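Sequence lines, in order, name chains X and G.
For the first sequence, our numbering gives the first residue as 1, with consecutive numbering after it.
For the second sequence, our numbering gives the first residue as 1, with consecutive numbering after it.
Bear in mind the hints are in silico, worked out from the structure with no lab data behind them.
Treat the hints with care, since some could be wrong.
Identical copies look the same in the list; a pair holds intra-copy or inter-copy alike.
In silico DSSO-like cross-links for lysine-lysine, where the CA-CA straight-line distance does not exceed 30 Å [unchecked claim]:
1. Lys-214 with Lys-453
2. Lys-389 with Lys-139
3. Lys-453 with Lys-250
4. Lys-389 with Lys-140
5. Lys-140 with Lys-374
6. Lys-358 with Lys-374
7. Lys-140 with Lys-364
8. Lys-374 with Lys-111
9. Lys-450 with Lys-250
10. Lys-284 with Lys-319
11. Lys-253 with Lys-453
12. Lys-392 with Lys-140
Small disclaimer: the values here were computed from a predicted structure and weren't measured.
There are 2 protein chains.
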Amino acid sequence: MDADILILTLVLFNCNWLVSSDVPRFVTKYADVALDHFNFVNNATFKLRYLVNDTFWNEGGPIFFYTGNEGDISLFAENTGYMWETAPEFEALVVFAEHRYYGESMPFGNKSLTDPKYSGYLSSSQALADYVDVINIVKKEFSATDSKVIAFGGSYGGMLASWMRMKYPAVITGAVAASAPIWQFTSMTPCDSYNRITSSVFAEMSPGCDRFIKRSWTSLNTVGSSDGGREWLSAEFKTCTPIKTVEDLKTFKDWLSDLYGILAMVNYPYPANFLAPLPAYPVKEVCSNFRNVGSSDKDILRSLFKGISIYFNGTGTAKCLSLVDSDKLGTESWDYQSCTEMIMPMCTDDTSTMFEKKVWDIDKVSNNCFKQFKVRPSVNLVRDLYGGKNIKWATNIIFSNGLLDPWSGGGVTYNVSKTAIAVLIPGASHHLDLRFSNPKDPVEIIEVRKYYKNVIRRWMGGWATMKKEVKTVFAAA
Amino acid sequence: MDADILILTLVLFNCNWLVSSDVPRFVTKYADVALDHFNFVNNATFKLRYLVNDTFWNEGGPIFFYTGNEGDISLFAENTGYMWETAPEFEALVVFAEHRYYGESMPFGNKSLTDPKYSGYLSSSQALADYVDVINIVKKEFSATDSKVIAFGGSYGGMLASWMRMKYPAVITGAVAASAPIWQFTSMTPCDSYNRITSSVFAEMSPGCDRFIKRSWTSLNTVGSSDGGREWLSAEFKTCTPIKTVEDLKTFKDWLSDLYGILAMVNYPYPANFLAPLPAYPVKEVCSNFRNVGSSDKDILRSLFKGISIYFNGTGTAKCLSLVDSDKLGTESWDYQSCTEMIMPMCTDDTSTMFEKKVWDIDKVSNNCFKQFKVRPSVNLVRDLYGGKNIKWATNIIFSNGLLDPWSGGGVTYNVSKTAIAVLIPGASHHLDLRFSNPKDPVEIIEVRKYYKNVIRRWMGGWATMKKEVKTVFAAA
């Protein structure tokens with residue numbers, strides 16, 4: 001797998017960077033859902049996990065439904081504070097549904113990803129249909145047949161939330177799709193967008209940092225060109241497995257590239273705990289080590305290591321730097337999705353970003369996918385299923401984007417219809433808006449969170465009022 | 001299978017009642033489409049037939065796309081004159097796509113319906129996804145990437161046309177869904193609606209005819225209660241296989257019930273050729289034999305036979321009355337669909353229709369389905385997939401209903417949104433509006449056909465203009 005397309009996973013799967021002690025307890029349940037919702041070859045079902053909290057719920061209130069993304073659902077429940085903080089006011093039932101093939105919702109247990117006959121049922125269409133089933137089950141259990149359902153999701157979960165509203169508007173009244181790059185697909189967004197934005201974030205947070213990182217690739221290549229140099233690199237960066245070959249060096253550089261993207265994504269204004277604890281504005285912190293550095297390659301690389309140590313060894317207890325994500329399963333499932341539907345081209349040229357040149361080579365991706373999973377990418381499937389950039393028919397969706405989020409380039413950044421609206425948050429990174437409130441939240445986050453509540457209130461009350469509201473608020477959009 | 005749920009099939013599958021000599025020739029093509037569009041278990045594909053005519057097409061024109069229903073696609077191409085007659089004005093490319101598991105589009109040839117491992121891929125979701133693929137292929141072939149696509153369909157084809165717009169609004173700009181009973185499902189429409197309307201049509205076309213038919217069931221039961229009586233019935237009605245048992249008598253009565261529904265459906269104002277040739281207003285013709293009849297059971301049954309002979313033996317050449325539809329395959333595929341997704345409850349009480357009491361017994365249906373196909377009904381699947389009666393979010397659909405069509409009760413008979421509108425045609429039967437023009441067409445058919453063209457023109461030009469138009473035309477709706 002090309003490392004680039006794992007970025008979305010990495011940040012999401014490990015999103016327990018801030019687990020608030022205020023998270024209300026939820027009840028864990030399991031729904032029997034069809035293995036395949038769109039054919040009748042057999043009646044196989046499997047257990048899909050979902051979490052329910054009815055602390056705030058009163059009959060007539062809505063269901064706040066999180067469309068789980070690529071990871072253990074409890075992580076999203078713990079990290080989507082906005083739903084918990086908003087539920088009391090709406091007297092909402094709160095539900096978090098796990099995405100099939102993640103967490104405990106593995107249709108074939110450990111075998112789930114070993115062969116297309118098991119893995120083949122991992123698709124966004126099937127996941128959305130699972131969620132419809134869970135909603136039906138929950139509605140029945142709570143006698144909430146007439147309750148409106150508001151979908152929430154961040155990142156891939158946000159994509160799913162918006163697609164739920166697009167594909168099942170009778171089931172979902174409205175969707176809050178935070179940092180959802182539904183346009184990060186072939187022919188929709190330039191493939192260098194993600195890397196350009198990441199570079200801008202580094203340049204903006206710490207002027208010159210982008211130039212230092214650009215320079216560091218040369219140092220890595222120079223030092224890494226000899227066996228001795230790679231030995232030095234392994235020791236200096238304390239890699240858990242040594243960088244022996246040029247191919248290992250490439251893996252290391254891919255890991256670094258991904259890391260910069262992740263740092264930009266989680267560049268939150270307060271300390272957060274992501275894999276290892278991170279300080280507020282981690283990009284700034286990392287970059288602070290890149291100033292006043294000697295000009296030799298090894299000087300540069302020593303500073304580089306010092307900088308990234310903030311990420312991988314914030315506690316000072318990490319024994320070595322591992323290039324492999326700890327939770328294999330979730331990552332592997334996303335790798336699979338990146339080999340079937342979620343084909344998000346990533347590239348960069350030599351000059352316009354802080355990264356080394358990268359070409360998007362779909363044939364190479366395809367061959368790697370076949371090698372790993374016996375599947376090949378369906379490049380236009382997402383476009384065909386969900387409309388691509390032609391979604392002016394969509395309604396009742398908030399597409400929010402932090403403009404410091406590398407994924408914002410693939411997000412919906414203009415109003416596509418009167419009620420499918422873009423909310424741009426200048427100072428925010430990846431779905432900061434969905435997180436728990438924090439005293440350090442920038443003012444625009446506080447404001448958009450209030451605005452979302454108004455919009456949801458309008459969704460609850462019907463379209464006519466909403467129309468007026470949007471006209472006023474988004475007159476200039 | 002309960003005979004009732006075959007009615008939709010019977011009339012559609014054999015809809016070559018008027019083959020106009022004006023049908024332009026089409027080119028027959030085959031698309032390689034995925035056997036399963038929603039999982040990645042394997043890459044199997046099969047050949048889906050579609051018909052293309054580019055006689056009228058000019059670059060920039062729309063694609064008129066018929067979403068094939070349960071039969072050989074050439075029949076629909078020959079019987080959907082409205083598309084052919086409208087294409088020149090719009091310079092439209094005309095495409096008719098065959099529904100999987102009908103006509104030549106059998107994924108597993110003769111085995112296709114023998115086991116769920118073959119039949120399981122017959123579903124509306126898969127069919128819609130096939131159509132998306134065909135549209136992509138046609139657009140590529142004709143360099144028509146930017147051409148808008150207008151979907152057309154009658155009956156189940158109309159359901160599919162409307163669902164195409166609902167599920168793939170980026171692909172389909174608007175849909176003309178003629179006589180599409182998308183609400184003929186559980187908890188959406190009273191199950192006696194179809195039989196009530198059929199009875200009304202008979203009563204209205206020929207006062208007293210409904211009472212005669214009501215009376216005839218008693219005669220059938222009285223005469224049919226003895227072996228000798230059933231022998232008499234077999235001889236009198238010239239059944240191809242004798243009515244030996246009480247069960248045979250029930251089959252015969254089911255066939256008769258279905259026949260009345262079919263006659264109401266095709267009660268066209270001009271002679272048409274459906275199975276056997278039918279005169280104009282066949283209900284009236286059939287009923288004309290039910291006047292001045294003696295009061296004995298056998299008198300009544302002799303007249304009944306004379307009446308229905310118009311249907312089954314219009315040419316006078318039929319050797320016997322067959323209760324089995326001639327084209328087994330299409331019917332069997334629809335039976336299968338009626339056992340999985342297309343669960344359309346049918347019933348009637350004792351008193352309010354001209355039919356005998358019929359109870360909708362889902363358990364019985366389910367058991368029969370399991371016996372025949374090894375599948376069981378998914379009663380709420382259509383609701384979950386397409387929204388059921390909650391479709392106020394739908395846009396750019398014409399739902400037309402002839403008010404003399406038994407299926408109109410399960411159709412959309414009010415405007416569900418500003419641009420998803422109901423067109424009610426008082427004097428029309430089953431999708432008369434989509435047929436070729438005929439001098440005998442009632443004035444309202446001529447008018448709605450003009451109106452459809454205006455609406456399609458608005459769809460082509462965008463929503464703003466359309467909104468105004470609808471406000472004016474449907475102010476009272």
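key: Unmet hints by their number, sorted upward, for this structure   = 1, 3, 9, 11
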